[in-house]
Amino acid sequence: FYLAQALGLAVLALKLHIAFVMVSQGAGRLLLAAASAIMAMALVGCGGGGGDSPAPACDHVDLTCRVRESCGDVCHQFNITDSSTATACFNCVGKESVQDAKDNCLGDEEKFEKCVGCITDTSVTCWANPMSIGGCILGPCRADAVIKDPLACPKCWMNYVEGCLGKYAGCFNATVSAPALAPAPAPTQASVRGAMLGITV
1 FYLAQALGLA
11 VLALKLHIAF
21 VMVSQGAGRL
31 LLAAASAIMA
41 MALVGCGGGG
51 GDSPAPACDH
61 VDLTCRVRES
71 CGDVCHQFNI
81 TDSSTATACF
91 NCVGKESVQD
101 AKDNCLGDEE
111 KFEKCVGCIT
121 DTSVTCWANP
131 MSIGGCILGP
141 CRADAVIKDP
151 LACPKCWMNY
161 VEGCLGKYAG
171 CFNATVSAPA
181 LAPAPAPTQA
191 SVRGAMLGIT
201 V
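With the numbering used here applied, the sequence shown covers 1 to 201.
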């Protein structure tokens, strides 16, 4: 119960932060984001045509695979460039993460306490990390950057999600699979500050 509450609060904080930042970008950005999302989905592929999703084929400890399979369509293959996609995506990621936490932490009372503590710490420090969020929003998910490289935005978000899921996997004493997308360069503090001020670093 406490585990689900801690994860729920951390995911809610992340969703609110992302929604606020994305809404503050303006309507013009949303139109451009919609066009770039369509282009990126066409290039990456957008999955099945609706209906019920097939049962996940991932191992229960492969968190990246489970989230990608369960949330890929909702997250537009992690091409998150608007607040509604961000909200829906991180609702799905949060739900999947809570379920994984329940599946992997319950059963052993000694392990449970450490697992819950680790998950709570990871939730607070990873999902709501403004440097990571800002690195995607102000980096490869900016309107001009999406035009130049439409696949860089989903790569950035997927690397962010995989990084946090990798920390959860450490809480479960499990491993995550290698990223399916090439890693985006990590933003530096100077590049994030510069992007906030409209300066290219």
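Note that these hints are calculated values from the structure, not bench results. Any given hint could be a false lead.
[To be verified] Lysine-lysine pairs mimicking PhoX-like chemistry, simulated, CA-CA at most 20 Å apart:
id: 1; residue 1: 167; residue 2: 148
id: 2; residue 1: 111; residue 2: 148
id: 3; residue 1: 114; residue 2: 167
id: 4; residue 1: 102; residue 2: 148
id: 5; residue 1: 95; residue 2: 167
[To be verified] Computed beta-carbon distance windows for the label pairs:
id: 6; residue 1: 144; residue 2: 117; range: 40 to 50 Å
id: 7; residue 1: 110; residue 2: 148; range: 47 to 57 Å
id: 8; residue 1: 87; residue 2: 125; range: 29 to 39 Å
id: 9; residue 1: 144; residue 2: 170; range: 15 to 25 Å
id: 10; residue 1: 148; residue 2: 111; range: 20 to 30 Å
id: 11; residue 1: 130; residue 2: 102; range: 39 to 49 Å
id: 12; residue 1: 111; residue 2: 74; range: 42 to 52 Å
id: 13; residue 1: 87; residue 2: 121; range: 17 to 27 Å
Computed from a predicted model, the values in this text were never measured in an experiment. Using N, Cα and C, we set each Cβ at its ideal position, and we do this for glycine too.
Against the structure, the hints come out as follows:
1. Straight-line distance between C-alpha atoms of residue 167 and residue 148 comes to about 31 Å, which puts the hinted pair past the 20 Å bound.
2. As the CA atoms of residue 111 and residue 148 are separated by approximately 47 Å, the hinted pair breaks the 20 Å bound.
3. A hinted pair counts as satisfied when its Cα atoms are at most 20 Å apart, and residue 114 with residue 167 qualifies at roughly 13 Å.
4. Taking the CA atoms of residue 102 and residue 148, the gap is near 41 Å; set against the 20 Å cutoff, the hint is violated.
5. Taking the CA atoms of residue 95 and residue 167, the gap is near 17 Å; set against the 20 Å cutoff, the hint holds.
6. Separated by about 42 Å at the C-beta atoms, residue 144 and residue 117 satisfy the suggested range of 40 to 50 Å.
7. Judged by the Cβ atoms, the range 47 to 57 Å given for residue 110 and residue 148 holds: they are separated by roughly 51 Å.
8. Between residue 87 and residue 125 the beta carbons are some 22 Å apart, a value that contradicts the proposed interval 29 to 39 Å.
9. A C-beta distance of roughly 36 Å is found between residue 144 and residue 170, which places it outside the suggested range of 15 to 25 Å.
10. As the Cβ distance of residue 148 to residue 111 is approximately 46 Å, the hint placing it in 20 to 30 Å is violated.
11. Hint check: residue 130 to residue 102, Cβ distance near 28 Å, so the stated range 39 to 49 Å is violated.
12. Roughly 31 Å separates the CB atoms of residue 111 and residue 74, a value that falls outside the hinted 42 to 52 Å.
13. In this structure, residue 87 and residue 121 meet the distance hint of 17 to 27 Å, their C-beta atoms being roughly 24 Å apart.
Hint compliance for this structure: hints 1, 2, 4, 8, 9, 10, 11 and 12 are broken, all remaining hints hold.
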